[in-house]
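Chemist: So you can see what is in the structure, the chains are spelled out below.
Number of protein chains: 6
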Amino acid sequence: MPKIVTFGEVLLRLSTPNFQKIEQATSFNATFGGTEMNVGASLVKFGFEAAHVTAFPNNLMGQKAKAFLRFLGVDDSHVVLEGDRVGVFFLETGAVMRASQIVYDRADSAFANINPEHFDWEKILEGADWFHWCGITPAISEGAAKACLDAVKTAKKLGITVSSDIYYRSNLWKYGKTPQEILPELASYSDIILASRKNIEEIFGLQVTVEKGKFVEACKMLMEAYPTVKKVIDSDRIQVSASHNQYAAKMWNGEELLETGYQDITHIVDRIGTGDAFLGGFIYGQVILKDDLKSLQFGTAAAALKHTIEGDQNLVTVPEVEAVMSGDKSGRLRR
Amino acid sequence: MPKIVTFGEVLLRLSTPNFQKIEQATSFNATFGGTEMNVGASLVKFGFEAAHVTAFPNNLMGQKAKAFLRFLGVDDSHVVLEGDRVGVFFLETGAVMRASQIVYDRADSAFANINPEHFDWEKILEGADWFHWCGITPAISEGAAKACLDAVKTAKKLGITVSSDIYYRSNLWKYGKTPQEILPELASYSDIILASRKNIEEIFGLQVTVEKGKFVEACKMLMEAYPTVKKVIDSDRIQVSASHNQYAAKMWNGEELLETGYQDITHIVDRIGTGDAFLGGFIYGQVILKDDLKSLQFGTAAAALKHTIEGDQNLVTVPEVEAVMSGDKSGRLRR
Amino acid sequence: MPKIVTFGEVLLRLSTPNFQKIEQATSFNATFGGTEMNVGASLVKFGFEAAHVTAFPNNLMGQKAKAFLRFLGVDDSHVVLEGDRVGVFFLETGAVMRASQIVYDRADSAFANINPEHFDWEKILEGADWFHWCGITPAISEGAAKACLDAVKTAKKLGITVSSDIYYRSNLWKYGKTPQEILPELASYSDIILASRKNIEEIFGLQVTVEKGKFVEACKMLMEAYPTVKKVIDSDRIQVSASHNQYAAKMWNGEELLETGYQDITHIVDRIGTGDAFLGGFIYGQVILKDDLKSLQFGTAAAALKHTIEGDQNLVTVPEVEAVMSGDKSGRLRR
Amino acid sequence: MPKIVTFGEVLLRLSTPNFQKIEQATSFNATFGGTEMNVGASLVKFGFEAAHVTAFPNNLMGQKAKAFLRFLGVDDSHVVLEGDRVGVFFLETGAVMRASQIVYDRADSAFANINPEHFDWEKILEGADWFHWCGITPAISEGAAKACLDAVKTAKKLGITVSSDIYYRSNLWKYGKTPQEILPELASYSDIILASRKNIEEIFGLQVTVEKGKFVEACKMLMEAYPTVKKVIDSDRIQVSASHNQYAAKMWNGEELLETGYQDITHIVDRIGTGDAFLGGFIYGQVILKDDLKSLQFGTAAAALKHTIEGDQNLVTVPEVEAVMSGDKSGRLRR
Amino acid sequence: MPKIVTFGEVLLRLSTPNFQKIEQATSFNATFGGTEMNVGASLVKFGFEAAHVTAFPNNLMGQKAKAFLRFLGVDDSHVVLEGDRVGVFFLETGAVMRASQIVYDRADSAFANINPEHFDWEKILEGADWFHWCGITPAISEGAAKACLDAVKTAKKLGITVSSDIYYRSNLWKYGKTPQEILPELASYSDIILASRKNIEEIFGLQVTVEKGKFVEACKMLMEAYPTVKKVIDSDRIQVSASHNQYAAKMWNGEELLETGYQDITHIVDRIGTGDAFLGGFIYGQVILKDDLKSLQFGTAAAALKHTIEGDQNLVTVPEVEAVMSGDKSGRLRR
Amino acid sequence: MPKIVTFGEVLLRLSTPNFQKIEQATSFNATFGGTEMNVGASLVKFGFEAAHVTAFPNNLMGQKAKAFLRFLGVDDSHVVLEGDRVGVFFLETGAVMRASQIVYDRADSAFANINPEHFDWEKILEGADWFHWCGITPAISEGAAKACLDAVKTAKKLGITVSSDIYYRSNLWKYGKTPQEILPELASYSDIILASRKNIEEIFGLQVTVEKGKFVEACKMLMEAYPTVKKVIDSDRIQVSASHNQYAAKMWNGEELLETGYQDITHIVDRIGTGDAFLGGFIYGQVILKDDLKSLQFGTAAAALKHTIEGDQNLVTVPEVEAVMSGDKSGRLRR
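Residue numbers (the working numbering), protein chains in the order written: chain A, 477 to 811; chain B, 477 to 811; chain C, 477 to 811; chain D, 477 to 811; chain E, 477 to 811; chain F, 477 to 811.
Calculated from the structure, these hints are not laboratory results.
Treat the hints with care, since some could be wrong.
One copy or any two copies: either way a pair holds, since identical chains are not told apart in the list.
[As the list claims (entries may be wrong)] With a cut-off of at most 35 Å between alpha-carbon atoms, the simulated DSBU-like pairs for lysine-lysine come out as follows:
id	residue 1	residue 2
1	Lys633	Lys599
2	Lys599	Lys770
3	Lys599	Lys479
Computed from a prediction, not measured in an experiment: that's the story for all the values here.
Work out the full structure, taking the sequences as your base and the hints as a guide.
Modeler: In structure tokens, the structure reads:
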């Protein structure tokens with residue numbers, strides 16, 4: 477069994493049932509989500525081992541979060557129990573032209589206050605094949621950024637493949653550093669980067685000058701600057717409405733531009749975590765299918781399926797993804 | 477803050493969950509609805525003050541109804557506590573080609589038995605900018621019709637804008653009067669009337685004779701007969717199915733025919749109250765945007781959004797409507 | 477009131493709420509389903525009398541199943557109370573390209589172990605106009621097959637119309653007999669058969685040789701071999717996705733091929749039991765409308781409506797079906 | 477199987493979940509209740525046949541009520557479908573010292589407006605062993621009182637045992653008659669009367685003058701005045717709190733005063749319908765056990781068990797009652 | 477109508493349904509609670525006007541909290557919309573010997589960061605008869621303490637009665653001040669203080685030396701030190717178990733020690749907010765009944781009733797309290 | 477961390493919500509239970525490692541069961557995925573004198589059909605400190621009995637403490653063996669046996685002849701016959717009602733009879749699994765507290781707490797048990 481290790485915050489997700497507005501809700505559905513953990517959870521369903529590294533307070537809510545990781549089959553033995561609170565997000569699920577809205581309440585979480593000294597990455601990463609992190613993590617606090625850097629350095633040293641989801645929300649990054657100061661060094665230890673052209677330009681200070689083929693141009697410049705990076709991937713979402721999205725992905729692997737067709741998701745159940753589902757599928761493709769185009773296709777099929785599942789994690793198995801990947805989108809009843 | 481006063485019945489709404497047939501339901505979702513109150517509730521979310529005038533019995537159900545008004549931010553201080561029961565409607569929510577069905581159980585409600593003497597309209601309307609009523613109200617009972625007439629007369633006297641939703645259900649009107657006997661006088665105190673050409677012809681005894689431009693012709697005749705009426709508006713719903721509607725609106729403002737495009741609502745959550753949501757948006761447009769076309773556009777965007785919200789009331793805010801009005805129907809997740 | 481008698485297993489249906497994966501569910505919605513009983517239940521809503529013949533254990537679960545039959549208006553007085561368990565199926569409801577999945581747990585149910593001696597078919601069928609069975613029943617056990625044969629023979633003797641849903645799942649049939657050994661004799665007592673061309677070929681050992689008009693050719697061969705069979709019907713489902721199906725039907729009545737247009741079901745609520753709903757509608761058409769094409773049209777309209785209702789049974793009434801059959805698919809709110 | 481026929485109104489029961497106050501509830505649990513129907517439903521669980529005679533409107537709510545009767549195993553074939561509405565009661569479930577509260581909304585129900593001409597009692601009562609009615613029925617309307625009188629007269633003529641629950645709520649009786657004008661004649665056709673001494677005095681104009689043995693004295697006077705009456709029974713509830721009641725019963729059978737001990741119900745789930753459960757158990761005792769004291773004991777054991785079941789009806793079986801009756805109140809888990 | 481103004485934090489309350497442990501819960505019931513606001517909400521049900529002063533972030537959660545205040549009938553017009561988050565507490569409801577547990581997550585809430593300059597107390601308190609605060613408020617932050625001091629000074633100046641719930645949790649008070657530095661000055665503006673002897677000793681540095689009558693002695697010393705204080709009250713809870721409490725109260729009013737008997741709450745539904753319910757009832761007694769003993773009795777009856785209601789607020793009315801106060805604890809069904 | 481290994485069947489538990497009768501339920505709460513697994517789950521909460529050995533079918537239901545084990549923190553890596561079904565039990569939760577009822581549907585489960593060859597006990601038990609099994613396991617099938625014997629033999633060989641819950645249900649044991657043929661050999665490898673005197677007599681063919689001290693006498697005879705057995709324990713439940721139990725335990729440890737007082741559980745939430753909770757607590761006492769009386773006391777406190785928790789497993793932690801054990805049964809709110 478291949479093994480992935482992921483690192484990042486896990487938030488309590490409190491969502492309104494039945495498309496209710498937050499104002500109407502008299503109860504919230506409660507689960508947990510976290511972009512990196514979601515990737516690992518996907519891979520567990522695909523037959524991988526996964527361990528997630530994070531921090532929770534040592535109280536009833538922290539124990540609940542740990543139990544959720546175990547439920548997903550994600551190894552919780554490297555979770556540090558310290559700090560005061562689990563970060564929270566409230567989700568109001570939209571429909572048609574009404575957008576879903578998230579209210580974050582994550583400041584001062586246990587993860588934000590982690591002490592990078594508490595992680596023995598050599599031990600944590602022992603036996604792992606893959607390490608994955610996301611740009612939200614170093615945005616949260618200096619400690620998280622430091623721990624992330626320690627992790628990628630160690631992974632590199634141990635010969636573990638590193639994938640980086642270079643995504644940043646400008647409204648995080650409140651501890652005095654900019655993405656431009658932090659992300660490039662982290663990226664320099666990466667094998668695979670998920671980033672849009674815009675992200676590449678803004679974060680790495682690169683400027684695309686061509687008129688056509690901008691994404692490829694950006695990827696080339698990035699790979700030149702950071703020779704460890706072997707592949708750059710990006711997903712593309714067409715938002716017809718909150719209930720109807722289309723999803724595709726592409727990759728520059730240093731040699732050619734690979735692109736998938738669009739998956740058409742006409743009746744969305746839950747859109748949160750679909751990007752993570754893509755990455756889970758993509759990593760499966762890299763490790764098991766060992767083919768770049770198939771990796772993208774497996775990823776987009778997985779992402780499409782995630783739109784039909786409540787919660788942050790993709791709970792489908794390989795045969796379900798393969799069916800969609802092979803073009804069977806009929807949803808025919810299986811008995 | 478502009479202020480609107482509305483007058484009309486509020487019913488207990490008991491709807492089946494998850495598209496259940498009434499026969500299947502072992503519980504009902506319970507909320508309240510009333511066409512005029514819904515208009516006021518919309519406007520509260522848009523920053524208006526709103527007061528609703530109605531009657532409830534002074535029992536646990538009446539108190540519940542009052543608390544619901546307050547929850548919506550609607551002033552309940554002019555609610556009369558007398559009478560025996562809150563009217564009820566049972567809602568079986570349909571899907572695709574299966575129609576939603578409503579079973580009304582509203583006879584002899586507290587509102588139907590109101591005594592028009594109990595309303596001091598001068599005091600109630602003090603400080604108001606707008607008064608709104610609907611043709612259902614005078615259909616319910618002689619007392620309700622009388623109170624409604626008192627209200628519009630007083631509003632007119634105080635210089636308050638009066639909007640009238642001239643909509644009537646032929647199966648109401650059981651107290652011995654016809655719509656033709658009652659509605660024209662009420663309409664004569666109106667500034668703005670919501671009515672279809674068919675309604676205009678049937679209620680006011682006017683007969684359109686042109687082949688083209690029938691709506692405009694009807695409006696002109698109406699305005700000639702009732703010179704206080706300055707604008708006639710009408711909405712247009714294309715019912716693709718119970719799950720998919722399209723919604724547009726038009727206005728004759730005495731000078732030109734204004735028409736919006738169609739909002740396409742492809743995955744309806746709850747269709748009840750969408751006409752009221754249109755009116756709420758329209759009134760916002762009249763008072764705040766002060767532009768007739770924008771009023772219609774704001775109204776149709778608001779109506780479209782209401783289709784995605786459970787319950788009778790539109791709970792969206794101005795920025796949500798503005799996004800849709802400006803053409804952004806992507807429902808893109810807001811963080 | 478016309479009367480139908482049906483015979484077959486009734487299973488406890490445990491489905492996940494809100495499109496949950498089985499792994500996520502902390503509760504299951506509980507109802508009962510059974511293909512033949514579903515047909516009878518449809519017809520009760522259309523004004524028929526219906527009795528269902530089956531077996532349940534004499535325990536709390538068997539009593540619950542009986543009460544459910546009564547709730548549907550299906551006569552439970554011929555239910556045998558013996559055996560150990562009610563068969564179960566777990567339903568994970570899919571969406572878009574994610575298929576619904578059923579986990580059957582029906583082995584050794586009370587029905588599978590029925591003793592054919594326990595049914596006095598002369599008495600059971602007294603006063604009935606129609607008898608219906610399905611190919612799943614004789615697949616379950618030798619006893620069930622024997623009882624089914626007794627039933628159709630008696631029905632034939634009493635001049636009762638027999639309809640047979642010749643549908644078989646190859647993964648049943650575990651008691652030592654093949655469909656080919658059992659189904660033809662059963663079919664030989666049928667007036668109307670529901671079967672695809674493929675089923676006809678596989679079960680009856682007939683081989684269509686024409687290039688075009690294969691279904692008609694198969695029907696002709698079948699009718700030649702089994703002269704009691706007067707009509708062969710088949711439904712046709714286009715599976716756009718798990719959320720969107722299209723449904724049509726056709727019939728060879730010995731003289732002409734009749735075909736309906738497609739019903740387009742764009743937002744599926746529950747797809748289980750839709751074929752049974754078709755049959756219920758079709759039988760209504762045969763008995764009441766006495767017109768083959770209208771029977772198919774009434775059946776497909778009924779089947780379409782069933783897709784919008786949770787549970788195995790179609791709970792719509794004749795006016796609801798007639799509206800759809802007449803082309804009104806607007807789902808316009810009925811007050 | 478012995479057969480009971482009951483006559484009376486059936487109301488939609490809308491209760492708040494989890495001890496919520498009505499003001500808090502965002503949903504109501506929905507079931508149906510009616511004192512006479514509850515008696516019949518109890519007896520179905522004890523192996524009787526039962527038919528209930530009432531009226532429902534011919535709409536979705538009336539159909540729902542009929543289906544509920546069938547679910548209970550109560551024959552609904554004598555239900556008249558006419559009138560406008562199903563009566564409703566809202567139930568706020570109390571606890572400890574907080575009383576449960578009921579808001580009735582039953583005026584002008586289908587039952588209140590029944591036409592006594594619509595009931596062919598000779599046919600309805602054919603084959604019945606027992607007829608039961610309650611004092612609420614003749615309180616509702618002149619028509620209901622008339623139909624009730626027709627029923628008891630016919631029952632008497634046919635030699636059917638008649639039991640009468642002489643219970644009246646003074647706040648009903650709004651149609652111009654007093655209980656004193658109506659109930660005595662109805663009682664005169666009864667074999668068994670359930671009434672307190674106070675009821676006997678108030679309704680029949682009898683006045684107990686002894687200091688001790690008042691109940692017996694009242695019974696004697698009643699039986700002298702109405703010689704058809706053979707037994708008078710009464711229940712006795714000690715209300716420790718809304719969560720804790722004690723329940724006993726007594727009978728004067730013309731010869732001796734029989735009294736049961738108190739059943740102690742320490743954790744009440746639902747107190748509504750417990751008196752009806754007593755009567756169901758009592759009638760079982762009269763018909764099957766044929767012993768007056770055992771009838772009272774079976775009745776009180778049944779009533780005690782009903783306090784532990786949600787809804788208006790007692791759903792326990794004979795063995796469950798017998799266990800309690802025999803003194804086993806341990807509630808020991810049955811596997 | 478008398479009017480009360482309250483000041484303090486309002487927290488989102490997320491509780492597990494059906495006695496679940498937090499680890500088990502897949503949803504949380506969502507409501508709001510705050511000790512001072514709860515007092516005001518009680519009084520609204522008793523016919524008072526109430527306004528609550530607090531701060532919420534101007535986001536969907538803050539708007540939800542405001543709507544909840546309005547639902548309760550509490551004036552939300554003095555709520556300041558600023559800051560980042562609504563404080564949260566998670567409630568795991570215990571039973572029998574298993575304690576309920578609360579996980580607080582309230583650091584850095586909008587209320588904790590309030591700016592005392594933002595409150596114009598002269599205006600807020602205009603027309604008020606009573607002002608109430610609790611010792612938690614000044615424990616939260618310097619700003620909250622300052623605002624609280626401004627409030628009581630202004631109230632004193634305006635002749636408004638001030639009640640102070642001198643209760644402190646030692647694990648709050650993290651901003652550098654001790655209760656001993658802050659609470660005495662606040663108390664000095666109070667008319668009525670709720671405090672135990674232990675609190676009086678610890679907070680005010682007073683030391684009781686008598687063996688008997690310690691509470692009275694402590695009260696006397698307190699009143700001597702703070703002559704504005706006219707009455708000191710304390711409640712007394714006997715915790716038989718998490719499901720069974722007994723509740724009493726006492727007062728030293730400068731002249732005599734008044735004590736109530738114990739209310740026995742044998743089947744607790746929700747124990748949170750019962751102390752606030754006592755205070756609400758007590759204040760009602762002071763203002764309306766104008767009798768000290770009756771105030772305590774009304775308060776304990778109200779507190780007892782609150783134990784039977786889910787959520788933080790007492791939703792009972794005066795007649796319900798009066799019944800319990802007069803000794804009727806039967807919980808007899810009210811129709 | 478000490479480590480326990482347990483072996484036995486895990487059943488899907490489908491229970492009715494809110495004390496509903498099975499007949500009423502329209503949904504079931506779904507969780508899993510199994511007596512041995514429950515013991516391990518308790519110990520996880522007390523800080524142990526636990527692994528459970530069982531068999532599930534390799535389908536969605538088997539995967540769900542595995543995920544539930546992980547959620548509990550129980551190692552699922554020795555679960556064999558083979559066989560056809562997960563056994564089921566339906567639970568109707570009683571109250572007061574109404575007994576809870578269980579309908580088992582466990583025949584032919586994956587566990588019943590396990591192949592003892594599939595377990596490598598040397599490997600499974602590596603590093604374990606304790607092995608626990610229950611008498612239900614060898615009752616299910618010959619394979620289960622064989623695997624159980626292999627397990628205890630290996631445990632004995634490896635010096636692992638073996639505890640045996642010698643409890644048998646006579647209505648299991650359908651595969652041709654009697655408890656008397658199987659259980660004694662299994663018991664002979666045990667260190668600790670949980671059994672009543674009656675069980676000892678019936679299973680081991682021992683006959684107590686003394687009048688007093690029967691339990692001790694039985695234990696002495698058992699230990700003489702099976703010298704490996706060092707301690708015999710038994711629990712004692714007084715069933716006041718389904719809502720109120722009392723629970724105590726005793727032990728003969730070869731030297732003295734130790735007995736605890738009774739825990740009084742006055743408001744039971746869920747009684748299932750409380751015996752397993754006792755054993756979990758007892759084993760904690762043996763391993764950690766290393767004191768026989770304290771083991772019994774910790775066990776009974778744990779069992780008492782389990783009665784307040786929904787589901788089969790005890791989810792309390794050591795401090796919660798210690799509080800009850802030390803006599804604090806107040807259930808005082810913890811903040």
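Chemist: Are the hints correct? Go through all of them and say.
Modeler: Tested hints:
1. Lys633 / Lys599: For Lys633 and Lys599, both the intra-copy (13 Å) and inter-copy (34 Å) Cα distances are at most 35 Å.
2. Lys599 / Lys770: within (32 Å within a copy, 39 Å between copies)
3. Lys599 / Lys479: both (14 Å within a copy, 23 Å between copies)
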